[in-house]
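Visitor: Add chain S with the ligands to chain A, keeping to what the hints say.
Residues per chain, in single letters:
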Amino acid sequence: MSKGTEQSPKQSRLKNWLLSIDSLKIMKWVVYLFFFLFLVLPLISVFLVSFTGQPVNLLGSLVNPDIMATNIERLSNASLEHYASLLGGGTYFSALQNSLALAIGVSILVIIMCIPLAYAFARTTMPFKKTLAALCTIPLIVPTFISAAGFIIMFGRTGWVNTLYQSLGFDGLLINAYSMTSIVLIQVFFFFPFALWPMVAAFKIADISLEEASNNMGAKNWSTMVFITFPLAIPGIISAALLIFTVSFSDFGTPIILAPDGLNLIVVEAYREISGFFNWAGASILTIVMVAVAAIFFWLQRFITRNMDYGTLSGKPKGTKLNDSKVVTRSLFVYTCIVLVLPMLAIFSVMIQSFATTWGTGLLPRGFTMDHYTTVFTRSGDNIMNSLLLAGGALIISVIVATLVSYFVVRENTSKLDFMSSIPLIVPGIALGIAYIQTFNTAPLQLTGTAFLLIVAYAIRRMPYMIRSTMGTMMAIKSDIEEAAVNLGASKLVAIITVVGPLMLPGIAAGSILVFVTVIKETSITVLMAPSDWAPMSLMVFQNLLRGEVYTASAMAMLIIALVIILQSIANKMTKNSLY
Amino acid sequence: MGSVKVKNLVKKYDKATALKGVNLDIKEGEFYALLGPSGCGKTTTMRCIAGFENPTSGEVLIGEKVVNSVPANRRNCGMVFQSYALFPHYNVFENVAYSLTIRDLYNGSFGQRAKTFARLIHKKLGKPSKEIQEKVHDALKYVELDHLADRGVNELSGGQQQRVALARALVMEPSVLLMDEPLSNLDKKLRNTMRTTIRKIQQDLKITTIFVTHDQEEAMSMADHVAVMRDGEIVQMATPTELYSNPKDPFVADFVGSSNIYQGKVVDRKENGDSIVKVNDNTILESTTHTDKEDVEVLVRPEGIEILKNGRMEDHNVLEATVKISTYLGPTIRYDIELAGMEVMVEEEFQPNTTLFKEGDVIKVFLPAERVLLI
Ligand SMILES: Nc1ncnc2c1ncn2[C@@H]1O[C@H](COP(=O)(O)OP(=O)(O)OP(=O)(O)O)[C@@H](O)[C@H]1O
Ligand SMILES: [Mg+2]
Numbered sequence: 306m307s308k309g310t311e312q313s314p315k316q317s318r319l320k321n322w323l324l325s326i327d328s329l330k331i332m333k334w335v336v337y338l339f340f341f342l343f344l345v346l347p348l349i350s351v352f353l354v355s356f357t358g359q360p361v362n363l364l365g366s367l368v369n370p371d372i373m374a375t376n377i378e379r380l381s382n383a384s385l386e387h388y389a390s391l392l393g394g395g396t397y398f399s400a401l402q403n404s405l406a407l408a409i410g411v412s413i414l415v416i417i418m419c420i421p422l423a424y425a426f427a428r429t430t431m432p433f434k435k436t437l438a439a440l441c442t443i444p445l446i447v448p449t450f451i452s453a454a455g456f457i458i459m460f461g462r463t464g465w466v467n468t469l470y471q472s473l474g475f476d477g478l479l480i481n482a483y484s485m486t487s488i489v490l491i492q493v494f495f496f497f498p499f500a501l502w503p504m505v506a507a508f509k510i511a512d513i514s515l516e517e518a519s520n521n522m523g524a525k526n527w528s529t530m531v532f533i534t535f536p537l538a539i540p541g542i543i544s545a546a547l548l549i550f551t552v553s554f555s556d557f558g559t560p561i562i563l564a565p566d567g568l569n570l571i572v573v574e575a576y577r578e579i580s581g582f583f584n585w586a587g588a589s590i591l592t593i594v595m596v597a598v599a600a601i602f603f604w605l606q607r608f609i610t611r612n613m614d615y616g617t618l619s620g621k622p623k624g625t626k627l628n629d630s631k632v633v634t635r636s637l638f639v640y641t642c643i644v645l646v647l648p649m650l651a652i653f654s655v656m657i658q659s660f661a662t663t664w665g666t667g668l669l670p671r672g673f674t675m676d677h678y679t680t681v682f683t684r685s686g687d688n689i690m691n692s693l694l695l696a697g698g699a700l701i702i703s704v705i706v707a708t709l710v711s712y713f714v715v716r717e718n719t720s721k722l723d724f725m726s727s728i729p730l731i732v733p734g735i736a737l738g739i740a741y742i743q744t745f746n747t748a749p750l751q752l753t754g755t756a757f758l759l760i761v762a763y764a765i766r767r768m769p770y771m772i773r774s775t776m777g778t779m780m781a782i783k784s785d786i787e788e789a790a791v792n793l794g795a796s797k798l799v800a801i802i803t804v805v806g807p808l809m810l811p812g813i814a815a816g817s818i819l820v821f822v823t824v825i826k827e828t829s830i831t832v833l834m835a836p837s838d839w840a841p842m843s844l845m846v847f848q849n850l851l852r853g854e855v856y857t858a859s860a861m862a863m864l865i866i867a868l869v870i871i872l873q874s875i876a877n878k879m880t881k882n883s884l885y
Numbered sequence: 189m190g191s192v193k194v195k196n197l198v199k200k201y202d203k204a205t206a207l208k209g210v211n212l213d214i215k216e217g218e219f220y221a222l223l224g225p226s227g228c229g230k231t232t233t234m235r236c237i238a239g240f241e242n243p244t245s246g247e248v249l250i251g252e253k254v255v256n257s258v259p260a261n262r263r264n265c266g267m268v269f270q271s272y273a274l275f276p277h278y279n280v281f282e283n284v285a286y287s288l289t290i291r292d293l294y295n296g297s298f299g300q301r302a303k304t305f306a307r308l309i310h311k312k313l314g315k316p317s318k319e320i321q322e323k324v325h326d327a328l329k330y331v332e333l334d335h336l337a338d339r340g341v342n343e344l345s346g347g348q349q350q351r352v353a354l355a356r357a358l359v360m361e362p363s364v365l366l367m368d369e370p371l372s373n374l375d376k377k378l379r380n381t382m383r384t385t386i387r388k389i390q391q392d393l394k395i396t397t398i399f400v401t402h403d404q405e406e407a408m409s410m411a412d413h414v415a416v417m418r419d420g421e422i423v424q425m426a427t428p429t430e431l432y433s434n435p436k437d438p439f440v441a442d443f444v445g446s447s448n449i450y451q452g453k454v455v456d457r458k459e460n461g462d463s464i465v466k467v468n469d470n471t472i473l474e475s476t477t478h479t480d481k482e483d484v485e486v487l488v489r490p491e492g493i494e495i496l497k498n499g500r501m502e503d504h505n506v507l508e509a510t511v512k513i514s515t516y517l518g519p520t521i522r523y524d525i526e527l528a529g530m531e532v533m534v535e536e537e538f539q540p541n542t543t544l545f546k547e548g549d550v551i552k553v554f555l556p557a558e559r560v561l562l563i
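Just so you know, the sequences run in chain order A and S. Each residue of the first sequence is one higher than the one before, counting from 306 in the working numbering. Each residue of the second sequence is one higher than the one before, counting from 189 in the working numbering.
Only chain A is shown next, with the shape it has when bound in the complex (with noise of 0.2 Å):
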């Protein structure tokens, strides 16, 4: 009180002032800022160039006349030309029609596979339940590009699998690698993992006292199966197969490995467009599109899930009885087996090879060494380094952004920013990476081809799973010991960083290792924006890989796999027994 007598009015009002800016409102301007020119403005751009054909600087418009000017001459001139060529059949057409086809294939023999490993882990006492588990989801921890690379050696034209298939007595190749059969079965046993956890909850959730009513009235256990737990589960099997659909349409790592020249596929054809012939209009209509079917789909899936409550679904509903014949338990056990099989043994490929001396025709190496690794720790210890420091950088944006948007979300309803927020979940990373080239390569905000704005794009990739960490702890947090520390004197931002950060922390920690496991693991937007002197650990696999340098690119996957299995181990452990 007595301070204030002390101070000029002059000086008293100019305090005022500064503390009546909120802070906290501040941020949150920022974060729709951060939204709105690396998420939404390049999207529109994508739109605008998709019907211009020409490269439309929006942000360019804003700050100087002349730019202002060209850009309206190309909007009035465009057309639907260049959609009407897309439907017209060509190059494009056919890529589509391909992409959908190769992703409704997968989905559909993921589902099919899945079906019993879903059973077994749901409802029936399969011996080993929990090694096997684990087991099922090392899958998810590869790189496509990885298991691509294991399909290689395995199934190339002199790939051990095809040699020992010559060896007994048949002709020709077994599996060709360079082939949409490899295509999909990288996909189907590298992506069932993201449709099999979502079933098993399904198949838990199906009403139990239902099936008991079935077999009390003299059904038998497999018609129960058929006709009661089957169509309950029938919405979370829809839902998975919609995901599956979705991730394996965007799917980069795969498909510029292996597919042959003759093979059109969607992502592939765009990422040639912008990186081979910067064709602009071509590269952003199949943006466009790839967002556009990877959107209906999204949303689809939402749509089907809407009513679905998997929140509480940990353990075992009550009164579960799990099926323990020994016939069916030890048939699903040596299925889930046979399932692992082709995985593991892609897995196992890559690590032999990454110690052998040569590995040409024959089913083992000549000898064993540890040169590659060390020629990975001596000449790519930049790239290993610039992974990390990528991913770090990603790890502090996502951090900061998808705190403040849970705590907007959850403590003032931001609707908006939640929506927005999930956006990413919808662009595949090769189409974040043409809208991010296209819109950022000219002044005033030059930012193509420089680290700054690969990191951006990681975190705004990664985002919307950050933001489900964070949110998780965020809805925890009671907002009485918020206003608790607002009310002994501390500002909103303040009591933010003081008390809701620190107690958000394990929210924060587990979204941070999967941000930064991601970011270790992402091939497409890297292949397509990493700078030169910046290129990390993926870009030199995926680069020594094209250039026939599999042995190093072997060595350097399996310390990518490593490092992704230590620290999602480490965020298991976090999430599981959180600090507080």
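None of these hints come from the bench; they were simulated from the model. All values reported here derive from a predicted model rather than from experimental measurement. One thing to keep in mind: the hints can contain errors.
What the hints assert, rightly or not - Here's a subset of chain A near chain S, in silico, CB distances under 8 Å, partners left out:
#: 1; residue: T429
#: 2; residue: M780
#: 3; residue: K783
#: 4; residue: D785
#: 5; residue: I786
#: 6; residue: E788
#: 7; residue: A789
#: 8; residue: G794
#: 9; residue: S796
#: 10; residue: T803
#: 11; residue: V804
#: 12; residue: L808
The beta-carbon is built from N, C-alpha and C at its ideal position, and this holds for glycine as well.
Guide: Same frame as chain A, but now just chain S with the ligands:
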């Protein structure tokens, strides 16, 4: 320290109106209780005073100054939350020191502020000043928790947590202390001790205090003044005794003590102004209440009812009643009797020579005229 005034406070939510023009006038150093049933707007009133809600209209004054536009963090209201809202990542000392540390964060040179900030992030990153240490320990001594300063707050009992919350609010020397049902999470015995503690501290510090509760006993036993709320309005403001002996309407009467209310008609007035009322068409009662009204509500407090026995006689206000249940409670006996069509509970002290009534007995009871209130 300061007085608190609330003028015509209205708070509307999208669908509901929580406050419909609340007026409060609380003098400096007073202990004021806000009493009312659930949902009547007590918390909302308090949150408007603390600055967590923006009133739709009306004014809040603290120490004669309108504070409507002052943000919550600069109102200097110490608040004790119903859930205590302790910071789980800080220990007892850090919890209590929070407001002082925050004060440091907003004052001093850049370097000092940076240090303070570091200390807020983790206690290992800096030491609190002597002054803070002293103040915190003083506050903790007040609530008799000095020995637990280094404990984590989750390692405390409910009562201890409650006292930490109180110390945390007191240490900032607030102009007003706001407490929202602070005792509702404690068991009955602890609640009684805490009542005494809180009242004693309030008296020692002479701190203006607003205490929200829906427990009339709590309000009546602790506060200097009680404001009874209903549906977003203050129904009556008075001292506990006044409230009890002179409730303004049946709602208040019912709320501040168990009582029996009959419909009645004033049929005559005595020379001194006392009223004669007719209850249930046939019972005539005298009351010391002076009133102009014809139709009244007749309030009889159970403590006012005396059982007539051992030949004791009265010439007025004697009624017949039937014993329904008699319960022996040790030092007292409780009779549930039917009195003029209503179930009433009467308690009587037990003495060796007391005549005991049993179920079904018809007894005579006397209602002293000053215990019959007309509203
Ligand atoms: N954020 C809100 N939005 C809408 N209505 C609200 C909100 N907060 C309170 N109300 C309504 O305002 C009224 C008063 O609520 P308030 O919390 O002040 O009651 P209270 O007297 O503290 O009750 P209790 O004793 O149960 O704590 C209630 O009817 C409540 O439903
Ligand atoms: Mg309340």
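Visitor: Against each hint, give a clear statement of whether it holds in the structure.
Guide: Hint check:
This hint is violated: T429 of chain A has a C-beta 41 Å from the nearest C-beta of chain S, more than the 8 Å allowed. The criterion of a C-beta within 8 Å of any C-beta in chain S is not met by M780 of chain A, whose closest approach is roughly 16 Å, and the hint is violated. For K783 of chain A, the shortest C-beta to C-beta distance to chain S is roughly 7 Å, which falls under 8 Å, so the interface hint holds. The beta carbon of D785 of chain A comes within 4 Å of a beta carbon in chain S, closer than 8 Å, and the hint placing it at the interface holds.
Hint status for I786 of chain A relative to chain S: holds, with the closest Cβ pair at about 5 Å, below 8 Å. With its C-beta approaching chain S no nearer than about 6 Å, E788 of chain A sits inside the 8 Å limit, and its interface hint holds. The interface hint given for A789 of chain A is met, as the beta carbon of that residue sits about 4 Å from the closest beta carbon of chain S, less than 8 Å. Among the interface hints, the one on G794 of chain A holds; its C-beta lies about 4 Å from the nearest C-beta in chain S, closer than the 8 Å criterion.
A distance limit of 8 Å between C-beta atoms decides the matter here; for S796 of chain A the minimum to chain S is near 5 Å, and the interface restraint holds. Satisfaction of the interface hint for T803 of chain A is found here, the shortest Cβ-Cβ separation to chain S being roughly 5 Å, below the 8 Å cut-off. Because the closest C-beta pair between V804 of chain A and chain S is about 6 Å apart, less than 8 Å, the hint holds. Restraint check, L808 of chain A versus chain S: the minimum CB separation of about 6 Å is within 8 Å; hint holds.
Violated hints for the displayed structure, listed by number in ascending order: 1 and 2.
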